[in-house]
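S.K.: Take the sequence shown: its letter number 649 is residue 650 in this note's numbering, and every next letter is one higher.
Everything labelled a hint here was simulated from the structure, so no lab data went into it.
Some hints could be false.
[What the hints assert, rightly or not] Label pairs and their calculated CB-CB ranges:
| hint | residue 1 | residue 2 | range |
| --- | --- | --- | --- |
| 1 | E308 | I163 | 28 to 36 Å |
| 2 | K791 | G684 | 25 to 33 Å |
| 3 | K667 | P716 | 18 to 26 Å |
| 4 | S662 | N493 | 27 to 35 Å |
[To be verified] DSS-like mimics (lysine-lysine), calculated; alpha carbons at most 30 Å apart, straight line:
| hint | residue 1 | residue 2 |
| --- | --- | --- |
| 5 | K73 | K168 |
| 6 | K629 | K612 |
| 7 | K587 | K629 |
| 8 | K528 | K459 |
| 9 | K555 | K479 |
| 10 | K664 | K679 |
| 11 | K840 | K814 |
Just so you know, even glycine gets a beta-carbon here, dropped at the ideal spot from N, CA and C.
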Amino acid sequence: MDSKKPIYKSIPFWIVVLILLYSSLGFFTVPYFAKNPLQDFVSKNLNSSITYKSFKFNPFSFSTTIEDIELKSNDGTPWFHSDKIYANLNFWQTIFSDFSFSSIQFEKPHYRLQTENNSAKYPQLSTQKSSDGTDDFALYIGEIGIDKGSVDYIDSSQNKTINLELKQILFNHQKFTTADVDTNFNLSFITNHDEKANIHGTLNFAKLNLIADWQLENWKVKTVSEFISDSENELMGFNEFSGQIDSNGTVSTTNLVNNPPLISIQNLVVSNFKANPNDEQHPKVEIPRIQINNATLESEKNNLTIESISSTDAKFSVTIDESYQLLMKDLGIHSSPVENESNPSKEFSFRINNINAENTLLKTNKLKQSETFQQDFTLQSLEINNLTNQDSQKATIATLINSGANQNIDVSGELTLDPFTLDSNLNVQNVSIEEYNSWIPEAVKLSVEKGVLSAQQKVSFNDKQFTSSGTLGVDELKLLDNNNELFLGVNNLSINESSVDFIQKSIMLNQIQINEASGNLTISEDKQLNLSGITNNEENESNSSEKDWLIEIKQIEFVDGQTRLLDKSISPNYSAQLSKLNGTIKGLSSENLSKADVDLTGLLDEYADLKINGQINPLSDEAYTDIKIQVQDLGLQNFSAYSGKYLGFPVNRGKVDLDLSYKLNKNILKGENNLQFKQLQLGDKTNSKEAVNIPLKLAVSLLTDGKGIMKINLPVSGNIDDPDFSYGGLVIKAFFKLITGIVASPFKILGKLVPNGDNIDLSGINFIPGSDQLSEAESNKLNAIDEILKKRPALILEMSSNPNSVEDIQAIKQKSLLQKLGISEKPEFSQEIELKPLKQQFITIFGKDKFEEAEVQFTNENQLDKAIFSQYLWEQLINEEHPAEQLQTLAKSRLQIVQNKLIEEFNISENRIFLKANAEIPADSQHIQFSIAH
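Turn these sequences into a full structure, and let the hints guide you.
M.R.: Put into structure tokens, the structure is as follows:
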């Protein structure tokens, strides 16, 4: 009997069979049966379909290899691909303990991550969870590895598309577990811009705790800006960014789902940073290097802490428009509380312990009249310590600004951000003001040719309010008017103890000293004063409910000031100069009850002494002036062009003393102009069409005494609120009225030169009617005329006679008739009168018939009324007398008598007495009429 057993009865045979069966099931059956569950899982949880080239399972090593795997979303878009996925299952540990893999490896995985409308478009992950809780299970993976992975990130959620490609992704995670164990991982990748990133550390998946170090190398600023810019790729008005970021730090968190991470930056360096706008007038930024050290972002506490920020050689360019507004777009930054679930209303806070900037260049471009003016400022140093937005926390600031050779601005002080306050000391040294002409408002038609500013000020900003106090000085100041001619020059202007307070709306200046100031007032050919062209005549609307500013200036001191006036509107040009102006104005204030004391002295045209004293209040709403101006020995030859053009006579020589008093109370102006002319001599009459027609020379002769002195008092008054008010018009009107009044009635003025002359009519004298004899009273008038002519040696006396005086006519007629009647005096008309002389003369002239008719006329009841009849005869005979020849003879005799009396008795030169032809003179005028000539 064969001792051999059949092979199927041997144990090795069945072992082989089992192995073959197991292998068949493992190698072929498992992949087949795994296909459907895998597809179901991908479809339900990833909303996608899965394809692969091969699915291999090794039943001996319990490893699975899937090659050329690809996941596509339901719309057919592929979003994941890997050349090979290898997973090695720990079978026995999985059977008896947790689900466990010894290794999971991905070769060249590629992941497409695309977001749209703030949600994932690819992959479209399902948010459904198992109701039986089977999602929670224990897992252990000895090693997770990704080799040569890549990610396409596409973000279309911000109305723009952001593309970022991550390549050469290397990932390794050792001993990953869902248990409460810290495990190590390492991740690195490179972007399509060759930007490198690395993060490595530990992860506790059970607690979702993360502690890791991270490093960024050669990251482009443009890449970062694409994630935080708007839909137009603009960030804070900039749309072009360049530069490189290198940084490292740590990130840590506990319970990542509920608590935001704590991010620390050990070092962040931005190199060659540039930010350019799409508008040339928008600010530009260029920083070769900026470094941030030891920054910590505590997202849970909404807090950022930075140890230090430093930069070197930064450049900023800004543009200021004509309204002094910085040209830049809305930054799009609006401060608001940062909310999260654990602290829904906590505001974001930050602290920067130190900011240090060296050699920072600020380029300002000031726009004015369609031109651009550039000014450079160099912040040689800027240091800010303890900068924070926490309540009332103070930071210190110090900076040194240079705007040119030896032009320094030193600022130091303290500031708080919440609320914003700044208390600083400002020290300005040798700043050239002419470099800031573009900052002068367009309405001000002045420019600075030269000037050096120095100041020491304490400046405070508080709740949008501003205060400043300290000293200020300007040296070698020269201002030009809109004709580019010198308007004002000041050798030195100093303000001591100034104070400006925007809260109280007050400006307090202790003392202003103006040394060697010089000004030019120019009247152009078209009669425009350069002073009127300094500002535009635009009324500024103001809110009457707003509090008015209080302005107080304790003292203004003038030292050796001078002003020149040039009038180009007249030919030859008029020029005058005020020099050696010294004195003070004390107590200027905008308060209505306050009055400033004025005490000034100077020289007009080098030799005329000027004194100004009194009180003024030019700053108050209710104007007040009580001022006296005195000038001694002012030469008049410079005024010759004016007098020739407007008065008709040039000035050949002369001086004047002025004593002017003016009072202005609210709107009423009253003035007294006392003028004393000395040795005034006028030239020949001009042909000026603008000259007033007044006998000026005669008026001067009337008013000038024997010593060559002419005194004039010229009062003026007016309402300055009157639209037609003009000071010059007031003076001219008063002067014209004075001169015409003097010439029209010269003896009213001349009478004041003799005792009781005001009560005597010196315009003529009367004789005894019908004779050339003077009464004693009339003879005394000649004494007064003699005294007047001696006191007014330039005057000429003109005389004319009145040959038609009613009194003279009657007297001569009566004298002639009496001679004819042969009687010595006029008869009395009564019943006893002797009619014979009258009868004979009447019959001789009129005839006997005429006499008899008259006699019948005056006879009543055969009785003749001799009284009435004799008066009738007398009147008829008187009317027949015609004394014209006697009157002319009498008139000539009277003129000769008065002339001889003045020449012979009073020794008046015959060259000063002239007889005028008899003109038509009213019959009731004086017998001899006097007039004045020169």
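S.K.: All hints, please: hold or fail.
M.R.: Each hint, compared with the structure:
1. E308 - I163: 28 to 36 Å: holds (32 Å)
2. K791 - G684: 25 to 33 Å: Since K791 and G684 have Cβ atoms about 26 Å apart, the given range 25 to 33 Å holds.
3. K667 - P716: 18 to 26 Å: holds (19 Å)
4. S662 - N493: 27 to 35 Å: Given about 34 Å between the Cβ atoms, the range holds.
5. K73 - K168: holds (21 Å)
6. K629 - K612: Holds, at roughly 8 Å.
7. K587 - K629: Holds, at roughly 16 Å.
8. K528 - K459: Between K528 and K459 the Cα gap is close to 45 Å, so the pair fails against 30 Å, i.e. violated.
9. K555 - K479: holds (25 Å)
10. K664 - K679: Holds, at roughly 27 Å.
11. K840 - K814: holds (18 Å)
The structure fails to meet hint 8 from the earlier list, while all remaining hints are met.
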